[in-house]
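Novice: Please model the complete structure; the sequences and the hints are all you need to start from.
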Amino acid sequence: MTDSPKSSTAPPAGVGVPTMPSLPPQSGGPGAPLPLASQGSAAPDPTEPPRRTAFAEGADRLRSAATTEPGRLRIIGAVLALLVVAFGAVTAWQTTERAGAADDVLHSSQPLSSDAADIYRSLADANTAASSGFLAGGQETAATRERYEKDIRTAAAKLVNAAANSEPDSPSAATIARLNRLLPEYKGLVERARTYNRQGFPVGGAYLRYANEKMQTQMLPAAEDLYKKENQRLRDDYDAATPYPWAAIALGVLALSALAWAQHRNYRRTNRVLNHGLVAATATATVVLLWLVVGHSVARAGLNDSYDHGVRSLNVLNDARIASLKARGNENLTLVARGAETVEVGGEVVDAYDNDFRKDMDTLAKGLAAAEDLADDDSGEEPVTAAVGNMEEWHERHTSARAEDDNGNYQQALDKVIGDEGATGECFDNVDENLAKALDHEQTEFKQAAGDGLDAMTGLSVGAAVLAVLGAAGAVLGIGRRLSEYR
Amino acid sequence: MKGGVTMHARRLRAGLRGWGGVGAMAVVCALALAFALLLPLTQSAEESRGGRGDGGTTHVDQARAEECTDPERQTLSPSGADGSTIDAIKAREGEKRKLIVGVDQNSYRWGYRNPNSAGTAELEGFDIDLVHRIAQDILGDPDAVQFKAIPTNQRIPAIQEGRVDMIVRTMTINCSRLEDVAFSAPYFKTGQQLLAPKSSTITGYDDSLAGKKICTAEGSTAYTKLDEDQKASELVSSADISLTVPNQLDCLVRLQLGEADAVVTDGALAASQAAQDPTVELKGAPFTTEYYGVAMQKDADDLVRRVNQILVDYREDTANGWQASYEKWLSATLGEDSTKSEPPAPQYLRKS
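In order, the protein sequence lines correspond to chains A and B. Those letters in the first sequence? Residues 1 to 487, by my numbering. Those letters in the second sequence? Residues 1 to 352, by my numbering.
Hints were generated in silico from the structure; no laboratory data involved. Glycine is no exception: its CB is placed at the ideal position from the N, C-alpha and C atoms. Keep in mind that the hints are not guaranteed to be accurate.
As the list claims (entries may be wrong) - Covered by chain B, according to a simulated footprint, are these stretches of chain A (three or more residues, beta-carbon under 8 Å): (1) 205-212; (2) 328-340; (3) 403-413.
Claimed, not checked - Residues of chain A clear of chain B, computed beta-carbon distances all greater than 12 Å: (4) 61; (5) 136; (6) 165; (7) 185; (8) 199; (9) 359; (10) 466.
Claimed, not checked - Heads up, incomplete: computed chain A residues facing chain B, CB under 7 Å, no partners named: (11) 93; (12) 197; (13) 200; (14) 202.
Specialist: In structure tokens form, the structure reads like this:
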């Protein structure tokens with residue numbers, strides 16, 4: 001750095017007159033450069049006549065200072081120190097902001113997004129468990145009941161967590177409050193249904209239908225809404241964490257060029273190659289700039305990786321899991337409703353719930369295919385492939401259960417859907433289990449990549465601030481040393 | 001431009017005036033015809049529904065109303081012979097050789113699934129017994145039935161679209177339904193009744209319903225009756241009848257949750273609801289007389305005759321017929337005495 005200008009202008013000091021006025025145009029050169037300055041920074045001169053005197057005063061003072069070498073040196077020192085400090089400050093500010101967003105991605109918005117998915121999943125699963133219980137009659141199995149209770153517990157716990165992490169008065173907070181209000185209502189209806197079922201009264205079934213309606217028309221849409229909102233928040237945090245800190249980089253380049261120019265000027269005036277202070281300032285600014293660019297690039301790569309290989313997979317898997325839950329719910333409801341609801345598809349009257357089931361299975365198949373494409377290693381791909389197998393088996397068994405029902409063999413159809421062995425319930429459970437495995441794996445991958453990204457930003461803001469102060473001090477000391485020669 | 005518009009308008013008006021004359025003549029003719037037809041019919045018992053529309057529809061409505069004084073009698077005479085409809089049912093092959101019947105799975109002791117019948121999903125109740133009897137007679141196997149649970153307001157579409165062979169689901173025989181489906185002879189007598197909490201101030205189908213919220217099933221005769229009575233100012237206008245649900249049993253849920261103050265449904269079903277909740281009771285006497293019938297497709301004449309024949313046998317069979325089924329399912333909720341639920345001796349006034 002310091003020896004770069006020597007080849008071009010070897011001649012001794014004092015000859016650099018032609019380059020000199022090009023430096024302080026902003027401080028107002030003698031006579032001629034003044035209109036040029038006022039043209040460049042149009043603000044003070046023509047627009048604000050009352051301030052003109054104060055400005056003119058300051059300009060006069062600067063102009064008189066700039067006429068002597070010590071005065072010029074003082075100005076150069078101040079500008080250099082300012083540039084380096086500004087570089088450090090902007091770096092610290094921009095990296096703090098990005099690190100904060102990256103930290104949110106890792107520790108707040110992604111966990112909340114997967115919590116929201118869990119809330120949806122738990123609610124839908126609880127509802128499915130409750131309708132299976134109804135299909136099974138009064139002798140609801142302990143396993144079904146436990147599953148229902150566990151789902152309700154999970155949903156309640158995640159709702160509390162989501163509430164704690166949502167901003168007050170935000171739309172998410174309103175949705176969470178709504179879900180918190182509906183959950184006990186829903187549970188109350190299911191409890192009543194159970195009690196009546198035990199007494200052998202069909203009004204229990206009516207309560208369950210009412211609970212199901214509440215779940216389908218109010219709670220699940222709210223949970224889906226929450227999931228979408230949290231996902232948007234995650235997306236926003238990514239958008240805040242990954243862009244390059246251009247302002248800091250530009251200031252860094254500016255500060256380094258100014259330092260280079262100052263040293264070059266110094267060299268031409270005094271023929272001295274090294275000024276320790278300025279060299280130190282240059283070194284620290286260079287370190288900060290390199291650290292900034294490299295650190296951010298690594299962090300950005302980590303975050304992008306966590307998005308591409310973590311979040312995208314997680315979203316696809318969560319969507320697939322929700323589709324499989326919906327499919328299971330509709331499969332049960334087909335038997336609960338017993339042909340009560342029909343819909344016309346392509347001129348053919350078909351069972352409404354079975355039609356929904358088909359749609360959900362299509363969504364599931366597409367979701368699993370996408371997840372397979374996104375999976376980037378064997379341990380991620382394995383559970384997804386297994387889930388695809390489970391889904392195909394499910395399809396087969398479902399078709400045979402439907403055939404039984406269509407032939408009026410309701411009991412046989414029921415056995416093929418909620419029975420112990422060879423029922424579609426097994427396939428659903430396997431799909432769910434494998435998707436849970438895949439989600440777990442992708443969650444780990446996400447944490448790894450995002451954590452690496454966040455680690456790359458560690459200390460950057462504090463380091464930049466400290467180094468910038470040191471650099472500025474170096475610049476001031478370096479110029480001060482030159483200045484002392486005039487005393 | 002302006003002249004053109006006025007000219008057009010004038011021409012249009014002239015054209016209309018021409019048609020107006022023809023229209024007036026047509027109306028006069030229709031009125032004269034209607035008058036001539038109406039004159040002999042002095043029974044004014046018919047609802048004067050013909051007031052709307054032009055003379056043509058008045059004639060049709062009146063003619064139908066004339067046929068339909070006693071809807072429960074508008075059925076075909078019994079016969080055990082097979083016809084095209086029965087042949088088609090018998091021709092179903094293998095697993096599909098079943099009678100497809102629309103029933104309810106929520107009417108306690110009529111058609112419902114006992115949640116405690118371990119491991120089976122069999123429906124049971126008074127209606128279900130009758131279905132098994134019909135299947136036994138037509139297909140020789142009481143269990144050759146495919147049950148479909150049909151919501152109240154889907155009963156008629158389900159028959160019309162051919163999703164079911166018949167509906168045996170506490171379905172009231174009435175004139176407007178006779179326009180869309182055919183009914184068997186009546187197999188049960190009941191009437192609309194009011195159900196409310198014992199502590200309620202409601203005393204019956206009267207002014208004590210002022211400001212109360214009444215729940216009915218969508219597409220039920222109960223709702224039609226309330227709607228008509230309210231329009232005719234026979235039911236207090238402040239009674240809120242807007243709450244309708246897919247099944248009468250859903251009304252009990254709304255009643256228990258405090259979302260409704262009273263339920264109107266057939267007395268037989270109201271008694272079933274009261275049997276499930278000791279804190280509610282029937283208030284006042286039945287305020288209509290209705291008969292349940294088996295509904296079938298309008299042109300399934302052989303099936304209608306066959307079902308009527310089965311009903312005759314079913315009523316006569318004291319050991320395993322109507323009486324036995326009543327005692328098994330309904331005596332607990334409707335009382336030991338079955339006479340008030342027995343339909344009158346059937347009449348078969350429909351000729352084709």
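Novice: Report the numbers of all earlier hints that the structure fails to satisfy, in ascending order.
Specialist: The structure conflicts with hints 5, 7, 8, 11, although it agrees with all the remaining ones.
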